[in-house]
Amino acid sequence: AQSVSQHNHHVILSEAASLELGCNYSYGGTVNLFWYVQYPGQHLQLLLKYFSGDPLVKGIKGFEAEFIKSKFSFNLRKPSVQWSDTAEYFCAVTMPNDYKLSFGAGTTVTVRA
Amino acid sequence: DTAVSQTPKYLVTQMGNDKSIKCEQNLGHDTMYWYKQDSKKFLKIMFSYNNKELIINETVPNRFSPKSPDKAHLNLHINSLELGDSAVYFCASRASTDTQYFGPGTRLTVL
Numbered sequence: 001a002q003s004v005s006q007h008n009h010h011v012i013l014s015e016a017a018s019l020e021l022g023c024n025y026s027y028g029g030t031v032n033l034f035w036y037v038q039y040p041g042q043h044l045q046l047l048l049k050y051f052s053g054d055p056l057v058k059g060i061k062g063f064e065a066e067f068i069k070s071k072f073s074f075n076l077r078k079p080s081v082q083w084s085d086t087a088e089y090f091c092a093v094t095m096p097n098d099y100k101l102s103f104g105a106g107t108t109v110t111v112r113a
Numbered sequence: 001d002t003a004v005s006q007t008p009k010y011l012v013t014q015m016g017n018d019k020s021i022k023c024e025q026n027l028g029h030d031t032m033y034w035y036k037q038d039s040k041k042f043l044k045i046m047f048s049y050n051n052k053e054l055i056i057n058e059t060v061p062n063r064f065s066p067k068s069p070d071k072a073h074l075n076l077h078i079n080s081l082e083l084g085d086s087a088v089y090f091c092a093s094r095a096s097t098d099t100q101y102f103g104p105g106t107r108l109t110v111l
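Chains U and Y, in that order, give the protein sequences. If you count the first sequence from 1, position 44 lands on 44 in the numbering used here, and the numbers rise without skipping. If you count the second sequence from 1, position 27 lands on 27 in the numbering used here, and the numbers rise without skipping.
In case anyone wonders, no lab produced these hints; they're calculated from the structure. Please read these numbers as outputs of a predicted model, since none were measured by experiment. Incorrect hints may have been included.
Using 35 Å as the maximum straight-line C-alpha spacing, the simulated DSBU-like pairs for lysine-lysine come out as follows [as the list claims (entries may be wrong)]: (1) Y:Lys19 / U:Lys58; (2) U:Lys100 / U:Lys71; (3) Y:Lys9 / U:Lys69; (4) Y:Lys9 / U:Lys49; (5) Y:Lys22 / Y:Lys9; (6) U:Lys100 / Y:Lys41; (7) Y:Lys44 / U:Lys61; (8) Y:Lys44 / Y:Lys19; (9) Y:Lys71 / U:Lys61; (10) Y:Lys52 / U:Lys49; (11) Y:Lys22 / U:Lys49; (12) Y:Lys52 / Y:Lys19; (13) Y:Lys40 / U:Lys61; (14) U:Lys100 / U:Lys69; (15) Y:Lys67 / Y:Lys52; (16) Y:Lys9 / U:Lys58; (17) Y:Lys67 / U:Lys49; (18) U:Lys49 / U:Lys61; (19) Y:Lys22 / Y:Lys40; (20) U:Lys49 / Y:Lys71; (21) Y:Lys36 / U:Lys100; (22) U:Lys100 / Y:Lys44; (23) Y:Lys67 / Y:Lys40; (24) Y:Lys19 / U:Lys69; (25) Y:Lys40 / U:Lys71; (26) Y:Lys71 / Y:Lys40; (27) Y:Lys40 / Y:Lys19; (28) U:Lys58 / Y:Lys71; (29) U:Lys69 / Y:Lys22; (30) U:Lys100 / Y:Lys71; (31) Y:Lys41 / U:Lys58; (32) U:Lys71 / Y:Lys22; (33) U:Lys69 / Y:Lys44.
Computed far set for chain U versus chain Y, every beta-carbon distance over 10 Å [unchecked claim]: (34) Ser3; (35) Val11; (36) Ala17; (37) Gly28; (38) Glu66; (39) Ile68; (40) Phe72.
Don't be surprised by glycine CBs; every beta carbon is placed ideally from N, CA and C.
Between the sequences and the hints, there should be enough to build the whole structure, so can you do that?
Written out as structure tokens, the structure reads:
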């Protein structure tokens, strides 16, 4: 089974600060990569995903992520956060056509106004 | 239109009771899941069905029994509820692209 590590448990920033959340996975072969966001009291929503092609992926709400195969990483970034970005962020990995999606433990992001 | 829906949204019950949570998806996907999210927000997969057939059955007490009457529905029945079952339960549906779409969650509180 895949192992997914999210390095930051809780990140606190001020509005307009830049955000970067780390994600590393264990599998050395081809993977599909996802970032999900869970706003307080809500369900998980897909922010962005990477299957192949350009390793820099742009998602919704100004988020982007970069796949670095040599580092087994898929870090999430946003240049300037807003208060409404306060949420839990989950990195997830699956092998292509595998039914099982492995999630990281999540990173809580708190943006102070 | 809600893509993945769950009922009820909240469920408060006593220890020892039996309860069910229902899930429906209108995305036409073949594969559905149940996840448990604990108080620390950790997401743990419980079960998955593909076209009404059980394909993933993680280490879950046998008090939990999923049922898929058709590929658009995946229900979760829990017998003899325990305090430790308190959590948020999410249903999800998987597209052919491997992307999973989540329902709104059911917050179960066992007293």
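Ala17 of chain U remote from chain Y - nearest C-beta pair above 10 Å
Non-interface label on Ala17 of chain U holds, nearest chain Y Cβ at 22 Å vs cutoff 10 Å.
Going straight from one Cα to the other, do Lys71 of chain Y and Lys61 of chain U come out at no more than 35 Å?
32 Å, holds
Against chain Y, does Ile68 of chain U keep a CB gap of more than 10 Å to every residue?
Consistent with the label, Ile68 of chain U stays out of reach of chain Y, its closest Cβ about 20 Å off (over 10 Å).
Taking 10 Å as the cut and beta carbons as the points, is Ser3 of chain U off the interface with chain Y?
14 Å, holds
Next pair to validate is Lys52 of chain Y with Lys19 of chain Y; report whether the Cα-Cα distance is within 35 Å.
21 Å, holds
Are the Cα atoms of Lys67 of chain Y and Lys40 of chain Y separated by 35 Å or less?
Distance of about 27 Å is within 35 Å: holds.
CA of Lys19 of chain Y to CA of Lys69 of chain U, is that 35 Å or under?
Between Lys19 of chain Y and Lys69 of chain U the Cα gap is close to 45 Å, so the pair fails against 35 Å, i.e. violated.
Holds or violated: Lys9 of chain Y and Lys49 of chain U, Cα atoms, limit 35 Å.
28 Å, holds
Is Lys100 of chain U close enough to Lys41 of chain Y, meaning Cα to Cα at most 35 Å?
Holds: Lys100 of chain U and Lys41 of chain Y sit about 19 Å apart, inside 35 Å.
Next pair to validate is Lys9 of chain Y with Lys58 of chain U; report whether the Cα-Cα distance is within 35 Å.
32 Å, holds
What's the verdict on Lys67 of chain Y and Lys52 of chain Y, does the C-alpha distance respect the 35 Å limit or exceed it?
8 Å, holds
Is Lys36 of chain Y within 35 Å of Lys100 of chain U, Cα to Cα?
Roughly 14 Å separates the two Cα atoms, so the pair holds.
Hints 1, 3, 24, 29, 32 from the list above are not met by this structure, while the remaining hints are.
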